[in-house]
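Protein chains: 2
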Amino acid sequence: MALALLTDYTGGQLPAGAQAAKLYAQAKQAHQDLESGAGQGAGMRGWLKFPAEYPMTEEYGRIKAAAEEIKAKAEVLLVIGIGGSYLGARAVIEAVTSRYYNETRENTPAIYFTGNTLSESDFADLDRLIEGRDFTINVISKSGKTLECAVAFRYFKARLAEKWAGDTAQINKRIYVTTDEHKGALLQEAKENGWPTFVVPTDMGGRYSVLSAVGLLPIACAGIDVDALMAGAAAAQAAYKEPGGAFGENACDDYAALRYYYYKHRRKAVELFAGYEPSMVQFGEWYKQLFGESEGKRGQGLFPGAVTFTTDLHSLGQYIQQGRRILFETVLRFEQAANGISLEEEPGDGDGLNYLAGKSLFEVNRTAFQATALAHAKGRCPSLVLALPKRDAYNIGWLIYFFEKACAISGYMIGVNPFDQDGVEKYKNYMFALLGKKGKEHNRVRAHLKRVYGLEV
Amino acid sequence: MALALLTDYTGGQLPAGAQAAKLYAQAKQAHQDLESGAGQGAGMRGWLKFPAEYPMTEEYGRIKAAAEEIKAKAEVLLVIGIGGSYLGARAVIEAVTSRYYNETRENTPAIYFTGNTLSESDFADLDRLIEGRDFTINVISKSGKTLECAVAFRYFKARLAEKWAGDTAQINKRIYVTTDEHKGALLQEAKENGWPTFVVPTDMGGRYSVLSAVGLLPIACAGIDVDALMAGAAAAQAAYKEPGGAFGENACDDYAALRYYYYKHRRKAVELFAGYEPSMVQFGEWYKQLFGESEGKRGQGLFPGAVTFTTDLHSLGQYIQQGRRILFETVLRFEQAANGISLEEEPGDGDGLNYLAGKSLFEVNRTAFQATALAHAKGRCPSLVLALPKRDAYNIGWLIYFFEKACAISGYMIGVNPFDQDGVEKYKNYMFALLGKKGKEHNRVRAHLKRVYGLEV
Numbered sequence: 001m002a003l004a005l006l007t008d009y010t011g012g013q014l015p016a017g018a019q020a021a022k023l024y025a026q027a028k029q030a031h032q033d034l035e036s037g038a039g040q041g042a043g044m045r046g047w048l049k050f051p052a053e054y055p056m057t058e059e060y061g062r063i064k065a066a067a068e069e070i071k072a073k074a075e076v077l078l079v080i081g082i083g084g085s086y087l088g089a090r091a092v093i094e095a096v097t098s099r100y101y102n103e104t105r106e107n108t109p110a111i112y113f114t115g116n117t118l119s120e121s122d123f124a125d126l127d128r129l130i131e132g133r134d135f136t137i138n139v140i141s142k143s144g145k146t147l148e149c150a151v152a153f154r155y156f157k158a159r160l161a162e163k164w165a166g167d168t169a170q171i172n173k174r175i176y177v178t179t180d181e182h183k184g185a186l187l188q189e190a191k192e193n194g195w196p197t198f199v200v201p202t203d204m205g206g207r208y209s210v211l212s213a214v215g216l217l218p219i220a221c222a223g224i225d226v227d228a229l230m231a232g233a234a235a236a237q238a239a240y241k242e243p244g245g246a247f248g249e250n251a252c253d254d255y256a257a258l259r260y261y262y263y264k265h266r267r268k269a270v271e272l273f274a275g276y277e278p279s280m281v282q283f284g285e286w287y288k289q290l291f292g293e294s295e296g297k298r299g300q301g302l303f304p305g306a307v308t309f310t311t312d313l314h315s316l317g318q319y320i321q322q323g324r325r326i327l328f329e330t331v332l333r334f335e336q337a338a339n340g341i342s343l344e345e346e347p348g349d350g351d352g353l354n355y356l357a358g359k360s361l362f363e364v365n366r367t368a369f370q371a372t373a374l375a376h377a378k379g380r381c382p383s384l385v386l387a388l389p390k391r392d393a394y395n396i397g398w399l400i401y402f403f404e405k406a407c408a409i410s411g412y413m414i415g416v417n418p419f420d421q422d423g424v425e426k427y428k429n430y431m432f433a434l435l436g437k438k439g440k441e442h443n444r445v446r447a448h449l450k451r452v453y454g455l456e457v
Numbered sequence: 001m002a003l004a005l006l007t008d009y010t011g012g013q014l015p016a017g018a019q020a021a022k023l024y025a026q027a028k029q030a031h032q033d034l035e036s037g038a039g040q041g042a043g044m045r046g047w048l049k050f051p052a053e054y055p056m057t058e059e060y061g062r063i064k065a066a067a068e069e070i071k072a073k074a075e076v077l078l079v080i081g082i083g084g085s086y087l088g089a090r091a092v093i094e095a096v097t098s099r100y101y102n103e104t105r106e107n108t109p110a111i112y113f114t115g116n117t118l119s120e121s122d123f124a125d126l127d128r129l130i131e132g133r134d135f136t137i138n139v140i141s142k143s144g145k146t147l148e149c150a151v152a153f154r155y156f157k158a159r160l161a162e163k164w165a166g167d168t169a170q171i172n173k174r175i176y177v178t179t180d181e182h183k184g185a186l187l188q189e190a191k192e193n194g195w196p197t198f199v200v201p202t203d204m205g206g207r208y209s210v211l212s213a214v215g216l217l218p219i220a221c222a223g224i225d226v227d228a229l230m231a232g233a234a235a236a237q238a239a240y241k242e243p244g245g246a247f248g249e250n251a252c253d254d255y256a257a258l259r260y261y262y263y264k265h266r267r268k269a270v271e272l273f274a275g276y277e278p279s280m281v282q283f284g285e286w287y288k289q290l291f292g293e294s295e296g297k298r299g300q301g302l303f304p305g306a307v308t309f310t311t312d313l314h315s316l317g318q319y320i321q322q323g324r325r326i327l328f329e330t331v332l333r334f335e336q337a338a339n340g341i342s343l344e345e346e347p348g349d350g351d352g353l354n355y356l357a358g359k360s361l362f363e364v365n366r367t368a369f370q371a372t373a374l375a376h377a378k379g380r381c382p383s384l385v386l387a388l389p390k391r392d393a394y395n396i397g398w399l400i401y402f403f404e405k406a407c408a409i410s411g412y413m414i415g416v417n418p419f420d421q422d423g424v425e426k427y428k429n430y431m432f433a434l435l436g437k438k439g440k441e442h443n444r445v446r447a448h449l450k451r452v453y454g455l456e457v
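Chains A and B, in that order, give the protein sequences. For the first sequence, the positions run 1 to 457 when the working numbering is used. For the second sequence, the positions run 1 to 457 when the working numbering is used.
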């Protein structure tokens, strides 16, 4: 078992007796509904069996080949995508390599994520970053119509055209498309120009798509062993297949049950994903989308936050220790040291650190974890601890699958469809109307905006 | 007035009548207590009059001179500090330049922030980043005893010693110290080695110190106009001096009163700082420390979060729109375009974006703001909007002072001392005991840990 869920740092805030039995039974039922397809959104469970099956497909091989091509020719890879079309790839790249990937890489392209903002300054920054460098685009969008993504793709296509003075052979060699298999504007454009295409699966939402072509192509371009990533996820798929029913039988069920307990029975409002590695910051962003977008509906859901310790103990630490008691933490701990850096003795001991000389930094960081978890539990902020052997592709693959499955079970427990996201459309509807986009549905929204807000659009 | 507080996007969730009058009167009283020193923690109000006074000091001139020296000799500046000793500088550098500062800078050193983690991997990453480059250290610590900071300083001092093969003249030219004016291990070491020193003021907490030497030296090293930064803050100091008493008289009071209203009268639990510029992400981290550490005590306080739109509309957007109604937003909007990037027309219009051709991206981003604020308000997540002319040093200085003062007033309104942070010590006490540090107080904690948790340390 690669991952262990520990409850030693909950300060006694744990379900027991009949309450515990009921909670784990509820989690088991939710798990069964997920496996059987009896739950809501059953058509969006493609991710459930994907890790074991996908590596045997023709497309998977093409992803690895395309990544080798891109690594060979590109100094910069621009990944154009928003939400699930970039968060997973960015999270895995930094988690497996470093938060300084772009500045420490060797023999792989710099990778910048765009198409996720409308900030003109960000476009101007990227113009400077691609200036004089051979750049390749991987655009990732199911329909090709998502505004941020479409705007960035049009913009950087124009930069490619400038760079290569309209030489279509050169331009077309530098565009890779990840989109719907059968339809859409982007697929059409790709076919017309001969760009290689990869599939955004129709049976999993963006936040569940990191282990498909959506995430794997950029991840492979960073030189990460995608076979190991998928093997970790596949091992988790096998390990978490059977529903539990009691604590210790299935960590996905256990985690879902305990989150539900804090949410429903301990009045917690915010779950903080906490790690002790700065290179896991982007993984926290992926986690926030996964849980926030899956559960935040119908007035429900824990608000997902993320912190990095010990860094943020000197920022949000005060609030966590003594602010409103609406928090609990899910702490990620790595069990094996990666480097073996130790503190050296210093003559004079001016800073008073000689008592640590010879101790590994890994051990000091681990002690900080223990002290923090004890202090927070004492302050009535319980920690659930996820202990993972190490920060590598295999274990990160395992962790991704663990969270995906636990999140689906958790969503069923609170009674929502964890696979939809209707709320994301609300601002888009207003935005397209305000931008003057043509179409009946936009006219309807414009009429509404005029009537309710007096907006002339 | 550089900044305007707009309430157009609150969906009617605003205080009125007698309730409003009472709230603004409470804010006025809190403001008066802050100005007069009648409030809690009055000894920590050094920041209140600092922006107007500090630029006239000898030290301020030395900071600018030191920054010129560092820019001339260093390829890399390592800033060693945790919490308030780095968040402000990092926030300002990215806000005024770019989130890609290290990759887009010209004629200024790369700047890496360390001393804020115990992750051995992060140390290993930095070893690679300083390899073969001429690096200078700015260590920022009041006492020199903060563990993360002291560990990093000892570590990178050893790297300097290796690089210069023990040539103390070369080593000593590359260390700048920001610490207590009169005492402490770090000051002592600086004196012994002839390192230039700058002062961590005793009358302001770390989270209020960005406009002192703590923040200004790294900020100046990034080539940012610190005079403009201070001028903006000084202008805000003058503008917000007089307590208000009714909406529109003093934006600090208004903001504090409205936050209090959402917290106490609308049962909001989380405040989200939202911006539309990715380069403001680190500013959000500074904001989270400022409010979280100032208010999160005695079981009180809004939990501070931060989001970047439109990016996170495809991540936390679903939760914000339809999850638990415990959120409100403080949205930062810039009023002036910076670049003038527009979308170009494309023949064929395959992506269907030609209706936007000729429109500036600035305008599209602004429309996204309007659509989002309307949609969220309709979903009962009100937005307070801070409208700031532009993203430059002057306006960021203004914004910093605005938040600092509003935060102090807000803390007084909820009845806490906004200037202390006792809770941060809890984990430290456990950690030092567990690490085997010598001392009576650590022995006491060890005895406690043994008694309560059975830990043999």
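Think of the hints as simulated: they come from the structure by calculation, not from any bench. Take the hints with a grain of salt, since some may be wrong.
Since copy identity is lost for identical chains, a pair holds within one copy or between any two.
Here are the simulated EDC-like pairs of lysine to aspartate or glutamate, each with C-alpha atoms no more than 20 Å apart in a straight line [what the hints assert, rightly or not]: (1) 264 to 103; (2) 428 to 363; (3) 359 to 167; (4) 241 to 127; (5) 438 to 167; (6) 438 to 349; (7) 73 to 162; (8) 440 to 335; (9) 438 to 346; (10) 359 to 392; (11) 191 to 425; (12) 437 to 53; (13) 183 to 456; (14) 183 to 69; (15) 163 to 8; (16) 71 to 422.
Okay, the hints, checked on the actual structure:
no. : hint       : verdict
1   : 264 to 103 : neither (44 Å within a copy, 46 Å between copies)
2   : 428 to 363 : between (48 Å within a copy, 15 Å between copies)
3   : 359 to 167 : neither (59 Å within a copy, 27 Å between copies)
4   : 241 to 127 : neither (47 Å within a copy, 42 Å between copies)
5   : 438 to 167 : neither (33 Å within a copy, 71 Å between copies)
6   : 438 to 349 : between (72 Å within a copy, 13 Å between copies)
7   : 73 to 162  : within (18 Å within a copy, 37 Å between copies)
8   : 440 to 335 : neither (57 Å within a copy, 32 Å between copies)
9   : 438 to 346 : between (71 Å within a copy, 17 Å between copies)
10  : 359 to 392 : neither (24 Å within a copy, 45 Å between copies)
11  : 191 to 425 : neither (29 Å within a copy, 61 Å between copies)
12  : 437 to 53  : neither (41 Å within a copy, 53 Å between copies)
13  : 183 to 456 : neither (35 Å within a copy, 64 Å between copies)
14  : 183 to 69  : neither (26 Å within a copy, 59 Å between copies)
15  : 163 to 8   : neither (58 Å within a copy, 45 Å between copies)
16  : 71 to 422  : neither (38 Å within a copy, 51 Å between copies)
Against the hints set out earlier in the document, violations occur for numbers 1, 3, 4, 5, 8, 10, 11, 12, 13, 14, 15, 16.
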